[in-house]
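> Letter by letter, the chains look like this.
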Amino acid sequence: MIARPHFFFGSWSASERAARQAKAGGRPKGGSRTAATGRAAPRTASAQPNDEILTWRATANRSKWVLGLLTAGLCVVWVKAFWLQHVNVEQWQKRAENRFERVRDLSAARGRLLDRNGDVLAVSISEYRVGLVPRLFDVGHPKLSELAGLLGLSTTELRRRVQGAKGFFYVTSRLDLSLADKVRALRVPGVELEQEFRRYYPHGPAFANLVGFTDLKDKGQEGLELAFDTKLQGTPGVERVVVDRQNRVFDKKTYDPANPGQDLRLSFDAGIQAIAFTAAQQALEQHQAKSVSVVVVDSRTGEVLAMANAPSFNPNERTRLDPNRVRNRAATDTFEPGSTLKPFTVAAALDARVVSPSTSLSTEPGRIVIDGRTIRDTKIHGTLTVSEILEKSSNVGTIRVAQKIARDLFYQKLRASGFGEPTHMRLPAEPAGRLRPWQSWAAVDKATVSFGHGMSVSLVQLAGAYTVFAREGDRVPLSLYQVAGPVVGQPVFTPETARAVRRMLERAAGPEGTGPKARIPGFRVAGKTGTAHKPEAGGYAKAKYLSSFVGLVPVDQPRFVIAVAVDEPAAGRHFGGEVAAPVFAQVANESLRRMQMSPDPAVRVVPAVGLVEEGT
Amino acid sequence: MTRLVNWLLAAALLVSALALVNSRYHERRLFALAEQMERQIEKRVTEIENLQVAVTSLRTPGRLASVAKDTLGMVPITHAETVYAPKGRSP
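Taken in order, these protein sequences are the chains called P and V. Numbering follows this note's numbering, in which position 102 of the first sequence is assigned residue number 102; successive positions increment by one, without gaps. Numbering follows this note's numbering, in which position 77 of the second sequence is assigned residue number 1077; successive positions increment by one, without gaps.
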């Protein structure tokens, strides 16, 4: 075998060593077999190839082992690579994703509630909630006092709460944007910020029981918030992002955007609502009443412009909620309408052509007995025309008119006016009111219903029904949304009847009528007072009244129907003409001024300062 | 000739690989920048909304009425202060 350079170190080192020993002739260290043959080398030159073969054999064996090991290592790497790439791929992919992907929830804001002019009635404000992870939080952090100051806590309080906590806890909420930024800038470990939405009601108590409120989970609980909950609620989105080792986002994988809730533009006018609410509150105090409700309806379209109740509550500070203040009484509470129903009795009779406005009827002797029950007038009026019956609000006269109409026709006209069924405005807990079918009426029932007893209505229903007289005898459905243009309603009475009743109602609100205090300077008003004893178990309460007034202005071109109900006035006076009519006048006067409406053509009003837009 | 082409292709491969690395780097950098901008937009939008709400609550009719009456000493127009003019003629 010829000595030649090998790639394996064993042979290189052996021949090198042999050459070195040949030069030096010295005795090498160690006592291996190779060394022994090396020593013999200078003596016999023929022994050298034999030695090399021996060396080669010895190292060749070892290098085979090394080669095998390396190959095996490479194979292991290959198998592992194959394993990772082709077997259990999903599991490994998932693990990688878990490490570098983050799922971020995108919160969706609840829609806003707006009035007809775009004024905000309810809005969700973005705020932050601060949570602490005690495990990561160091109470000795140099910025602790600064953090406590931003969170509105003392340092000792913050420290105490962290040390007392077992796990993650929210330390404070309702932190606004700039404060949240400052907290974030401190970069204290263990402090986490979460976005949250808080519902805010800029108009406070004026709209409180109408708009309602939401719970902590942003779901509607009362009022319009509950009625339109599905529309207002948004759908939260989600996105998957890829982060680097410092948790910085560098790529977006999927993106499902959050859909904020719809904004709702309603029929209400914040200005008129404020006017109605102020008037209701003043009346509440003045008459020491249990509650006062006011409803304003645009009779041309059926839009509800205002629905105010006193007492109310502050929707932005709801620590203790009194259910009596939360309820939207104008829509949820029913009462016996009393004399405010009389125009419908008269209209039904006029429509059936059984009487005319000038038909004379005797109300002597100021009382009437039906089925053994006596019904009285407040004073003896003598003989009255149909028009005067409404003007003086005679119970006996109204019963005499009702006696001329068939039961079924009377009932049908009342139903057509909207009594005995909900208004379909989708307000929560809206009652139908009580109106028994005519088949179950005894003679006395028709008589009591004719002057508004033995039945019940809500104030909203009553206001809606009066649009019949404000219009040409047709009824438009009430709406919480804006309605465009003039609306054609369902005919209830003939236009002639509606006009005749309107004239009578104007006289009822005139100097000789029951409601002269409803008059306002510059405009002609029409309306009817109502004073009803409140029903109690087994009869009627003696000294508990519900005073009401429903009217329309201006008479020439009716625009507003305003209904007022004062529950249990306790300051001495209780007649509708004295308690509710002034509230009507106040609301009508200020609403007309707010709308800058031109008065009736006979007396055009122009303010001494400033110009009024015409035709509004 | 083939050799030259091979060299050129190898060089082009190297250049494009480097360009790819570079563009990936810029992609990430720009993405981070865009994210930051988006967050700022969100923040400003929220700020605008909050300010709008503040304005709304400052101009509620109830508050304006009390400011007009108490601070500015204004009074509502009464009927007596109103000038009547026949139709078609200015006052």
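Treat the hints with care, as some may be off.
What the hints assert, rightly or not - Partial list, computed: chain V residues near chain P (C-beta under 10 Å):
no.	residue
1	1011
2	1012
3	1028
4	1032
5	1047
6	1049
7	1050
8	1053
9	1057
10	1062
11	1068
12	1070
13	1078
Claimed, not checked - Per label pair, the in silico range of CB-to-CB distance:
no.	chain 1	residue 1	chain 2	residue 2	range
14	P	103	V	1042	15 to 23 Å
15	V	1032	P	135	37 to 45 Å
16	V	1074	P	378	38 to 46 Å
17	V	1003	P	68	48 to 56 Å
18	P	155	V	1038	33 to 41 Å
19	V	1008	P	104	44 to 52 Å
20	V	1081	P	352	45 to 53 Å
To be verified - Far from chain P, some chain V residues (derived; all Cβ distances over 10 Å):
no.	residue
21	1002
22	1006
23	1014
24	1019
25	1020
26	1022
27	1060
28	1061
29	1075
30	1077
Just so you know, these hints were derived from the structure itself, not from any lab. Quick reminder that beta carbons are idealized off the backbone N, C-alpha and C, glycines included.
> May I ask you to test the interface hint for residue 1049 of chain V with respect to chain P, counting a Cβ-Cβ separation under 10 Å as satisfied?
holds, 7 Å
> Can you tell me whether the CB distance of residue 155 of chain P to residue 1038 of chain V sits inside 33 to 41 Å?
At roughly 36 Å between Cβ atoms, residue 1038 of chain V and residue 155 of chain P fall inside 33 to 41 Å, so the hint holds.
> Quick check on the hint: residue 1057 of chain V CB to chain P CB, less than 10 Å?
holds, 4 Å
> Go ahead and decide if the range 48 to 56 Å is satisfied by the Cβ distance of residue 1003 of chain V to residue 68 of chain P.
violated, 39 Å
> Grab the minimum C-beta distance from residue 1028 of chain V to chain P and call the hint holds if it beats 10 Å, violated otherwise.
holds, 4 Å
> Tell me if the interface restraint on residue 1050 of chain V is satisfied: Cβ within less than 10 Å of some Cβ in chain P.
holds, 6 Å
> Given residue 1070 of chain V was flagged as interface, is its beta-carbon under 10 Å from a beta-carbon of chain P?
At about 14 Å, which exceeds the 10 Å cut-off, the nearest Cβ of chain P leaves the hint on residue 1070 of chain V violated.
> Does residue 1078 of chain V pass the interface check with chain P, least Cβ-Cβ distance below 10 Å?
With a minimum Cβ separation of about 8 Å from chain P (threshold 10 Å), the hint on residue 1078 of chain V holds.
> Per the stated criterion, does the least C-beta distance between residue 1060 of chain V and chain P lie above 10 Å, as a non-interface residue requires?
violated, 5 Å
> Minimum Cβ distance from residue 1011 of chain V to chain P below 10 Å?
Status violated, d = 30 Å.
> Is the Cβ of residue 1006 of chain V more than 10 Å away from each Cβ in chain P?
Since the minimum Cβ distance to chain P is about 29 Å, residue 1006 of chain V lies beyond 10 Å and the statement holds.
> May I ask you to check that residue 1019 of chain V keeps its beta-carbon over 10 Å from the closest beta-carbon of chain P?
holds, 19 Å
The structure fails hints 1, 2, 11, 12, 15, 17, 27, 28, 30 (numbered hints given earlier, in ascending order).
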